[in-house]
Each structure stands twice: as C-alpha cells, then as structure tokens.
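Novice: Residue numbers (the working numbering), protein chains in the order written: chain A, 9 to 151; chain B, 2 to 420.
Derived by calculation from the structure, the hints in this document are not laboratory data.
Backbone N, C-alpha and C fix where the C-beta goes; we use that ideal spot for every residue, glycine too.
Just to be clear, a hint being listed does not mean it is correct.
Claimed, not checked - What follows is a list of derived Cβ distance ranges for each label pair:
1) SER40(A) with ASP115(B): 52 to 58 Å
2) HIS297(B) with GLU71(A): 50 to 56 Å
3) ASN95(B) with GLU60(A): 18 to 24 Å
4) ARG408(B) with GLU47(A): 29 to 35 Å
5) VAL57(A) with ASP115(B): 30 to 36 Å
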Amino acid sequence: MAPQKLTFFHPDQDQQKSLHLVQEGISAGFPSPADDFKELRISIDQEVVRNEEATFYARVSGESMQGAGLDDGDLLVIDRSMEPQHDKIAICYIDGEFTVKRLKVVSDAVFLMPENPKYQPIKVTEENELIIWGIVTYVVKKL
Amino acid sequence: MFALVDCNNFYASCERVFQPQWEGKPVVILSNNDGCVIARSNEAKALGIPMGAPAFQYRSFFKQKGVCVFSSNYPLYGDMSSRVMSILEQYTPNVEIYSIDEAFLQFKGFDLFDLQAEGQRMRKQVRRWTGIPVSVGMAPTKALAKIANKIAKKFEVKTGGVYCIDTEGKRIKALKWTAIGDVWGIGRQHRKRLEAMGVTNAWQFTLLPDDWIRKQMSVLGLRLKKDLQGIPSIQLEEVQPLKKGIATTRSFEGTLTDFSDIEERLSTFASSCAEKMRKQGSSCTALLIFLRSDPHKKGATLYRNSCVLTLPYATNSSIVLSKYAVLGLRKIFKEGIHYKKAGVMIMGLVPTATRQLPLFGGEEVKHLAVMQALDRIHKRFGPHQMKLANQDLQRTWKMKQEHLSQRFTTEINEIITVK
Numbered sequence: 009m010a011p012q013k014l015t016f017f018h019p020d021q022d023q024q025k026s027l028h029l030v031q032e033g034i035s036a037g038f039p040s041p042a043d044d045f046k047e048l049r050i051s052i053d054q055e056v057v058r059n060e061e062a063t064f065y066a067r068v069s070g071e072s073m074q075g076a077g078l079d080d081g082d083l084l085v086i087d088r089s090m091e092p093q094h095d096k097i098a099i100c101y102i103d104g105e106f107t108v109k110r111l112k113v114v115s116d117a118v119f120l121m122p123e124n125p126k127y128q129p130i131k132v133t134e135e136n137e138l139i140i141w142g143i144v145t146y147v148v149k150k151l
Numbered sequence: 002m003f004a005l006v007d008c009n010n011f012y013a014s015c016e017r018v019f020q021p022q023w024e025g026k027p028v029v030i031l032s033n034n035d036g037c038v039i040a041r042s043n044e045a046k047a048l049g050i051p052m053g054a055p056a057f058q059y060r061s062f063f064k065q066k067g068v069c070v071f072s073s074n075y076p077l078y079g080d081m082s083s084r085v086m087s088i089l090e091q092y093t094p095n096v097e098i099y100s101i102d103e104a105f106l107q108f109k110g111f112d113l114f115d116l117q118a119e120g121q122r123m124r125k126q127v128r129r130w131t132g133i134p135v136s137v138g139m140a141p142t143k144a145l146a147k148i149a150n151k152i153a154k155k156f157e158v159k160t161g162g163v164y165c166i167d168t169e170g171k172r173i174k175a176l177k178w179t180a181i182g183d184v185w186g187i188g189r190q191h192r193k194r195l196e197a198m199g200v201t202n203a204w205q206f207t208l209l210p211d212d213w214i215r216k217q218m219s220v221l222g223l224r225l226k227k228d229l230q231g232i233p234s235i236q237l238e239e240v241q242p243l244k245k246g247i248a249t250t251r252s253f254e255g256t257l258t259d260f261s262d263i264e265e266r267l268s269t270f271a272s273s274c275a276e277k278m279r280k281q282g283s284s285c286t287a288l289l290i291f292l293r294s295d296p297h298k299k300g301a302t303l304y305r306n307s308c309v310l311t312l313p314y315a316t317n318s319s320i321v322l323s324k325y326a327v328l329g330l331r332k333i334f335k336e337g338i339h340y341k342k343a344g345v346m347i348m349g350l351v352p353t354a355t356r357q358l359p360l361f362g363g364e365e366v367k368h369l370a371v372m373q374a375l376d377r378i379h380k381r382f383g384p385h386q387m388k389l390a391n392q393d394l395q396r397t398w399k400m401k402q403e404h405l406s407q408r409f410t411t412e413i414n415e416i417i418t419v420k
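Just chain A, with the same shape it has in the complex:
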C-alpha cells in the first residue's frame, strides 16, 4: 500500500474569541432569568462598516464642507464599493490632492461642490485628472 500523506491540523490557540460564560448548571442558586436572552453587545463597527474589504478612513482638514457637517479633524468612513452618484459626498483625488466634496453631475459636466460659501465649486474639465476615490458614508466627530 502506498504511504498516505497525512496532514495534521492544530487548534489555533492564538486567535481567541471570547464567549459569554453562561453561569447556570449545578450551582444551588436560582438560575439567571437573562441567560436565555444574552445577545452580542452593540458595536459601532457593525453599524458603519458595510463592506469590510472596501472600507477606508480619512481625516478632514479644513472647513470646505462645514455645511454638510464635516468639520476640521473629523473622521470619515469611506466605502469604495459604492458607485459614485450625483449628490453623494465623495473623496476625490484631483490635481495631486485628496479632497472631500459633494458630487454634482449636470448634463455634460461634473462639479465638486464645497458646502461653505467661502469656497468655490471646482469644475472638472478634461485637463484635470480626477479620481473618485470613494464615497463617504459616515462621519465621526468628537464633541
């Protein structure tokens, strides 16, 4: 008989997932009435991250999007899996710089709209190199 190649599998002792310890069983006290209703604790991650693989983060610098609630120092959650659409707030790379603006698509042109009267809209022309890098889905700010 030909020798069989065996592969041994080892428990991964490194990755530990904590589980709820259900404390009932043989103790003499009254079992906790909540044991059957234990659920996982709320996690912000679960709420704001739809596609883990496509989620990136960026920090806001400046006030150009103040009107949309994006202040200096805020943390942005970016989902690259979403298709760029009119009226979405996007992270764009234009002329050597990352910028966050609202997309405005009119019949034959694209504008990057700031939401602060002190800033001018950017009209994207053929000379500009524009990459729509991702769509902003959430903003996290410290109060």
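Starting from the structure of chain A, add chain B where the hints point.
Specialist: The following block gives chain B in isolation, referenced to the frame of chain A:
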C-alpha cells in the same frame, strides 16, 4: 476550472492607491533597511532597473530618472492583500492563497457560467473596492492557469486582463509561447538541462516521454507535464501547510564590531523566530546562525561564517533559542570585523503537539507558562514591550526606512487627510 488571480506589481500598486500621483510613473520598493530593490512598477522595469539592485548604487540614477522610492511597508501590503483575498473568496469556496499577491481559485460546478465574464467581474470588483489591479488566468489545471495569467498580464489591452485557456488550440499556442524557464516549477537546474536537450518551450516539454521525466525530475515533474497537458494533477492546497522554514535575518544600518551588540541582535532574532514558531504551533530541533561582514566596504577584511546548533530537545522557548544562538555566536565571532548582516534560521520544525519528548531532563516546564505570558503581553500592549535580559530595552533597533509611506489602513493616526 482553475483561476490564478495575481495582483499587478502588488507593492507598487498598494502605494499608488494612497498616493495616486505615482500612477504611470516609475516606482520601486526597497527591502528591509532600504538595502535593495524588491519590487518594481512596469515603468521602473522599462528603465532597466533589475530586481535586487542595491539602493546605494542606484541613488543618483533614481534621482535622475525621477523614480519614486519607497521603503517596504508590510503592514500596508499585508492588509491590502487580505482585502483582495477576502473579495476573491466571495467567488468560490475553494481558494488557495498562494502568496501575498496571488491566489488560485477552483471553480467546481460552474459549467454553465461564463467564466470569462466572471473573471472580468472579479477584476473590476477588486479594482473598485481596493484600488489594486489584478490579472486573471483561467484554465483546466493550475499550471495552465499560471500561463494564462502571464498572457493576460502581458497582453492586457487585448485580453482585458482576463485570459481563459479553454480550447486545445489555445492550450498549444500558449505552451509554445511559454519559455521553459518561465514554466511554474522549472528551476534553474532543470531549465539548463532541458535547454541543452533542445527543449526551449513548454510545448516541447509535454512531448518528452513520461519515463524520462519521472526519472530525471521525480513524480513532481510528471505531475507538471500532465497539468500542462490539461489533465488536473496538481491539487488545490486550501489549508496552508505549516511553514517549513522560519528565519529572521537583517542587514544592520551601519556596521557592528562589538560582541555584545551582535549578541543583542542574535538574541532578538532568535526570540522573533521563537515567537513565529509559537504562532503556528511548531517547535524546532536545530538552528543556524550566520554572520557576514560588509562586502561593499573597501579595504575591510571579508568574513562570513555560520554554524548549526542541534538542540537537545524540540522547543520554541525564546529563552532556550536565545541561549543557543549566543553559544553559536561565541564559536564564530571574530574580533576586528565590520559586521553588516546576521541572522537566525530555524531548522527541523516539528509540530509542538506531537514532538518527541526527551526521557531525561528536557525543557524547563516553567518556560511554557512564561512564553504564553510573554505572547499575551505582546498581543495586548504591542510587540517588543518585554524582552529577555540580553536584549536591549533602551535600544530600539529601528530599521532604516527613509522612504516609508504611512500605514494608511492599520494606524488611525496615519490615515489620509482630505481638504
């Protein structure tokens, strides 16, 4: 059907996702300590920069040609890789992650699917979601999928980055196009021998008699032949086999001459190897240490030496390994040499759970508990927080990384800023 998905110029592509100004420009990535070139963009390849080019020799060339130079940013590459792989896992449950930037996918029961279209979808999704460009090669076997991938990459415009070897005609044409040295699994030795016999492409290789191949290249060569003929013979390895070799080697930023400095280094390398072994549940029965002087320093004495130390029992304790590494260093250390590089390699790996225990003596049982505590501390408070006494706590041996980009995806203080 198998697909090989390969990221194009992966390290350079990772850097370009977060620094798009380097799109279309020559980019090179340097090894640890900025020693030599380990990855190049297409534009850098076109400039004739070879793999392994020493950075210090090319410094003015890089400047003159406007080549963008990066230190290797493994936290970034590792994270981007796992993003790509987990997207690919959405397409089929049978995935073999072959390296940091390549994966084999097996499609079973997809006969009714248009795989070409599936490949395009994959490529588009990975690009859109992560920014990484990939090429997809598809074929009935793994070895052919490798070749299909080369074709997809080489003729990207024509193939759209996806190539499928799905007819006998395409298979023969592809094999004739592939030089024997480029065939997956044909090393330099075999290449030389085959070329001497007049076998210069993959097609000619498949015409060799089975007996000859088995005799000269073992059963692995025969499997390769069958695979190239379109008969699946190389299986998908979905479970990563345990690493058979673990090593930590570094070039020093300057040169070291002092015994205690090198002792510190080797002890650190040994601990790092031990940690890697504990991570995968292995122990080792021997280790090799080596030392090398600076070959580029003019007038200095050239010296290189190594020694193998056999351990009395299989272990993965940092304490034991460090002790033996230092013991080895005593044997090969010579005064008055300007050392540039040193390393520790682990040999004779065995699974810890099934290792042979010694009858007498053997490992100090307390080590196991100490190592577990050490690993837990490192996991919780970050690496290098606790060290052995012969390692230097004050001295953080920083790698030379003069061109390091930010850890855009793994460190909240280094994410991109947007105006």
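Novice: If you check each hint against the structure, which ones fail?
Specialist: When the structure is compared with the hints, none of them turns out to be violated.
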